[in-house]
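Trainee: Combine the two chains into a complex, taking the hints into account.
Protein chains in written order, with the numbering used here: chain X, 1 to 241; chain B, 1001 to 1203.
Keep in mind that the hints were calculated from the coordinates and are not lab data.
If you anchor each label on the Cβ, the simulated ranges turn out as follows:
no.: 1; chain 1: X; residue 1: Arg-197; chain 2: B; residue 2: Pro-1093; range: 46 to 52 Å
no.: 2; chain 1: B; residue 1: Arg-1172; chain 2: X; residue 2: Asp-52; range: 39 to 45 Å
no.: 3; chain 1: B; residue 1: Asp-1104; chain 2: X; residue 2: Trp-155; range: 29 to 35 Å
no.: 4; chain 1: B; residue 1: Asp-1124; chain 2: X; residue 2: Val-115; range: 56 to 62 Å
no.: 5; chain 1: B; residue 1: Ala-1156; chain 2: X; residue 2: Arg-32; range: 25 to 31 Å
Note that CB positions come from ideal geometry on N, CA and C, so glycine has one too.
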Amino acid sequence: MSDGTFFTRDRGWHPPAFAPGYKTSVTRSPSRALISFPPTLSEQTGPVFGHDMLGELDDDLLHNYAAPGESAIGPRIIVYGRVLDEAGRGVPNVLVEVWQANAGGRYRHKKEGYVAPLDPNFGGCGRCISGEDGSYSFRTVLPGPYPWPNNGNDWRPAHIHFSVFGSGFAQRLITQMYFEGDPLIWRCPIVNTIPSREAVEQLIAPLDMNRTIPMDSRAYKFDIVLRGRRSTMFENRPEGN
Amino acid sequence: MQRLDYLKESPSQTAGPYVHIGCVPNFCGISGVYPEDLGGVMRKPEARGEHITITGCVWDGTGTPLRDAMVEIWQADADGIYPGNEPRGQADPNFAGFGRNPGDQNTGEWTFETVKPGRVPMPDGRLQAPHVTFWIVARGINIGLHTRMYFADEEAANAEDPILGRIEHQNRVPTLLAEPQGQGAYRFDIRLQGENETVFFDV
Ligand SMILES: [Fe+3]
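Excised from the complex, chain B in its bound form (with noise of 0.2 Å):
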């Protein structure tokens, strides 16, 4: 028989404690090589939308924040469209998408300042709920965690939302929904064990 040519994924390897050097050097107070670090603004004061703010923290499965943890997102614009590699068009100029974020390091607690993204459609053109995709690495965590955060706030949209729709257990989509707080801040936790951990994916 022959063989199937393909090559395997290069294996994960945790990041480690000392992510920040890599990838946020200037955070950790390695100054002069890059001017600054990748993904700190993801808007302009023009981008589109409603501005809004994403705050949170990582918790271990004993309910310690880490402090080491980096947490990056991705997202559409106030319009829906990915900026980047987007087949649909071009997204809001003043509008990153990316976001990077180590968290401060004695609470662990990180903020994104971004817009509210639109609603995407999936592949057969229903639509998803607006979301932002989180990845989180950190040092014990081995392969980088996918998840996803909803708003609480988009009820009728929420509902109808495919992803959300797959969940079995569906008692476990809230750990999925950032709570809003007044002023277009939402708060967004994400527990990686116990009672409440969060959803993650497999995407």
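Chain X on its own, in the form it takes in the complex (with noise of 0.2 Å):
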């Protein structure tokens, strides 16, 4: 336990609450100013998972939704990268929760609608915690760019969305990442809630060639940036806490 208090979040990098290009930020979005305070022990502390409560296929989208001896239809892939903080370093031991489309851009979910098939072999899920160094992976299936209902033709890019724990519960964070040369990606409303092309581009993962895995799959690198953490969280304590 070496954590202390968080960086102040830059929330002019963040989309804003209120983005009316997304529409359905209108009625979701508070109006009033959010509070500040410095964080205490509810916000420095987190919940903590351990490597235990993993199964075997958890990061193996390809098949842990698969009947036996079979596998998700796609392309294939494998998504690496690192968990980090703003300081650079690596945050170890956070759970990474992924969810996706199939290849045809078809969720398996009750609300979706899209004609494209659902993949019997393929359910979106998956989740891995992250190494000593930060450093996380999993399989899976590139996932196909779907329509939604905002303007008359919105066209989601190809995305597989990340829900990341830090070791603090500021940290929470969840975001998605989009993939490297998808023309869908500057159309997309939900992108463009982002305020600038830079920050964007951090969502953007990279084709990483010595990564692929000859004749198998290809390979994408997405790094995340949790927020960063300043000295030791009780150096500084008065005696008796």
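Mentor: Have a look at this one:
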């Protein structure tokens, strides 16, 4: 335990709550200013998840929902990277959960109405826990783009949703990973809630031919950066706490 | 001039309408991948302290319940110790501290079965009132919303709570108070917008 308080979140780097190009945000965005306070133990601590919760196939979306001997249909990929903090340090032992559409762009969800077919061997969820240097990886299929009702003809770029716990609950983050070269990225109203092009680029994973497994899977690298932490949590604590 | 070598935090993106697939797959019918959904059970029967339930709903600016939200909570045990990475000692082993709930698909209502948290000190030693940290994501929410729930029946502790005291518009404090319903049940509604918009924090 050598963690302290967090770097202040740069709210201008993140999407604002109210982003009318993404219509659903209009009635779901707080309109009053957020109230700041210095982090307390309630924000500095967070749930800890152990490797014992993981099943053997949790990080293998090709097989974790497939019938024995079968595998999900679609381009096989490896997604790997590190969970870092803003100081560039790896963040170990954090739970990374992912979910995505199948190779045709269809989610396994009862609210999903896209005509693309379900893949009987693809569930669409996976998880892993970062290693001592913050590294993580999983394998899956390349998700397809899909249409969604916002403007008349909006399509989501291919993407994987990421949910990440840090070492403190104030680092909690949900984001999305996009793929190098996808022309839909810059047309997407959800991507465009992010104010700067530079910040969007941080969510685009490059193809990494060095990590590609010949005759098997292509690899994409996606580093996730959580808020930085200052010095030791309790080095300045008063006696008795 | 030299450059500071900091990275930028990954920008947030909405959890979208299918957050359940990744975070509570069993809830949305994807069974056989994980044995159970994370954060579904916060306490064992032996957990110390008062066993309580917290029921509520997240409401949008038109007064419509969110049926696709995911609500997470994080809190101390009955003695005010956080499970997990807590520097002050070991929390109650029968209490998890973390809960995750997708809400009812028709009503949007969620219930956490937990314990009443003890008081947790500020870094300067002053005691906070008993509280539960909430984090809310959903389609249309671009960055997860942090708030806190306090207990309306803890008037004395609430009156000296340093965080509640920072709220300039004190008439908004009641948006953070869960109302006791008897027999350990509390009601806590979260309003994203409008006249009684919940106080959200930049922690
Ligand atoms: Fe999606």
